[in-house]
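> The residues making up each chain are set out below.
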Amino acid sequence: MIWFWISVAGLVTFLTRYSMIAFIDPETLNTNLKKVLNYVPSAVFPALIFPAVFLDKKGFFVNIDNPQIWAFCIAVIVGYFFKNIILTIVSGLISFWILTFCL
Amino acid sequence: MSKIEVFKQGFLDVIPLTIPVIPFGIIYGVTATEIGLSPMIIFVMSFVIFAGSSQIAFSQLFIAGACPLVMITSVAVINSRHLLYGAVLSQYLNKLNYYWRVLLSYLMTDQAFSVSLSYFKKNKKNYNSHFHMLGSGFTLWFLWQISTLLGIVLGNIVPEQLGLEFTIPLTFLSLIILELRKLNHLIIIMISGVTSLFSYSFPYKIYIIISALLSLSAAYILITKFKKK
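Note that the protein sequences, when read in sequence, are chains A and B. Sequential numbering of the first sequence, starting at 1, is according to the numbering used here. Sequential numbering of the second sequence, starting at 1, is according to the numbering used here.
Mixed in with the good hints, there may be bad ones.
[Claimed, not checked] Using 30 Å as the maximum straight-line C-alpha spacing, the simulated BS3-like pairs for lysine-lysine come out as follows: (1) B/K182 <-> B/K124; (2) B/K95 <-> A/K35; (3) B/K8 <-> B/K124; (4) B/K121 <-> B/K182; (5) B/K182 <-> A/K35; (6) B/K121 <-> A/K34; (7) B/K182 <-> B/K122; (8) B/K121 <-> B/K3; (9) B/K8 <-> B/K122; (10) B/K95 <-> A/K58; (11) B/K124 <-> A/K83; (12) A/K58 <-> B/K121; (13) B/K95 <-> B/K8; (14) B/K121 <-> B/K8; (15) A/K57 <-> B/K124; (16) B/K8 <-> A/K83; (17) A/K58 <-> B/K3; (18) B/K122 <-> B/K225; (19) B/K121 <-> B/K225; (20) A/K34 <-> B/K125; (21) A/K35 <-> A/K83; (22) B/K124 <-> A/K58; (23) B/K182 <-> A/K83; (24) B/K182 <-> B/K225; (25) B/K95 <-> A/K57; (26) B/K225 <-> B/K95; (27) B/K124 <-> B/K95; (28) B/K182 <-> B/K3; (29) A/K57 <-> B/K225; (30) B/K182 <-> B/K125; (31) B/K121 <-> A/K83; (32) B/K125 <-> A/K35.
The set of hints was computed from the structure by calculation and includes no laboratory data.
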């Protein structure tokens, strides 16, 4: 039975990816809607970021002295000023290591 | 640019964002093994579903004996953000034939969506720009399969203390880092982020789509009521 449900899960996942690409005719989208779509990354990614930084695995807020929070802040500042994807990730990870292992 | 060059560009653009893919794939392989799924099932899931958090949720619910309806709903809700990605990408992929759209849909991930969207926006006249998403999508797909295998075969080879899970939020941060400079986007980011913190405990990981839809509604209001830009 698990094979069947894996196939269904795969199909459902595929449909979430495919349906909009297949059935939306961009010509019919009005300009306001197109503008709203520009915000999709800014609307989705924070929901993947915030809980991973500020909550523990059970969903409780982590302590303010948690290295994650401070490493994250450093990554925000570095990324903001250098406008660089790799620097954002690397500065955050290195700060996390320094805060975890050296302090 | 030729097809190969565009493909290579997609590969290069996505590479920095694949840092969390390896540890995450390994975590999936290890967790799924530990809770008792067979290596064959674990690997086939990476191939058929190809969506990390859905696969982990699916495995855990299956082992816990959840009813299939719950398992499938959970997968659908976690992946519902793809509907938004699809709506955005449809503006650039609508000229492609059926096979291309099926292939690129299968390869759609958060990272591939983000880097290829930037490329599409900058290269609206490039006839071969879909090869960029083939490059970014395939790279991620390949690494996901490899890391799933590593997790199954080698077990947990990444020490937890390294905190590589933390590269997941860092990667997503890097994808919106340029938007922090735009006030409208900053407002949307904060609304989405704060909403996600307070709706995190809702069932089915529904917090992702709730936060997205709430902040997109806010974006709609910003755009229509305050016509700045």
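> Please go over all the hints and tell whether each is borne out by the structure.
Comparing the hints with the structure gives:
no.: 1; hint: B/K182 <-> B/K124; verdict: holds (23 Å)
no.: 2; hint: B/K95 <-> A/K35; verdict: holds (21 Å)
no.: 3; hint: B/K8 <-> B/K124; verdict: holds (18 Å)
no.: 4; hint: B/K121 <-> B/K182; verdict: holds (17 Å)
no.: 5; hint: B/K182 <-> A/K35; verdict: holds (14 Å)
no.: 6; hint: B/K121 <-> A/K34; verdict: holds (13 Å)
no.: 7; hint: B/K182 <-> B/K122; verdict: holds (18 Å)
no.: 8; hint: B/K121 <-> B/K3; verdict: holds (17 Å)
no.: 9; hint: B/K8 <-> B/K122; verdict: holds (16 Å)
no.: 10; hint: B/K95 <-> A/K58; verdict: violated (45 Å)
no.: 11; hint: B/K124 <-> A/K83; verdict: holds (23 Å)
no.: 12; hint: A/K58 <-> B/K121; verdict: violated (39 Å)
no.: 13; hint: B/K95 <-> B/K8; verdict: holds (22 Å)
no.: 14; hint: B/K121 <-> B/K8; verdict: holds (18 Å)
no.: 15; hint: A/K57 <-> B/K124; verdict: violated (42 Å)
no.: 16; hint: B/K8 <-> A/K83; verdict: holds (23 Å)
no.: 17; hint: A/K58 <-> B/K3; verdict: violated (46 Å)
no.: 18; hint: B/K122 <-> B/K225; verdict: holds (28 Å)
no.: 19; hint: B/K121 <-> B/K225; verdict: holds (26 Å)
no.: 20; hint: A/K34 <-> B/K125; verdict: holds (19 Å)
no.: 21; hint: A/K35 <-> A/K83; verdict: holds (23 Å)
no.: 22; hint: B/K124 <-> A/K58; verdict: violated (44 Å)
no.: 23; hint: B/K182 <-> A/K83; verdict: holds (13 Å)
no.: 24; hint: B/K182 <-> B/K225; verdict: holds (17 Å)
no.: 25; hint: B/K95 <-> A/K57; verdict: violated (43 Å)
no.: 26; hint: B/K225 <-> B/K95; verdict: violated (33 Å)
no.: 27; hint: B/K124 <-> B/K95; verdict: holds (12 Å)
no.: 28; hint: B/K182 <-> B/K3; verdict: violated (34 Å)
no.: 29; hint: A/K57 <-> B/K225; verdict: violated (39 Å)
no.: 30; hint: B/K182 <-> B/K125; verdict: holds (26 Å)
no.: 31; hint: B/K121 <-> A/K83; verdict: holds (18 Å)
no.: 32; hint: B/K125 <-> A/K35; verdict: holds (20 Å)
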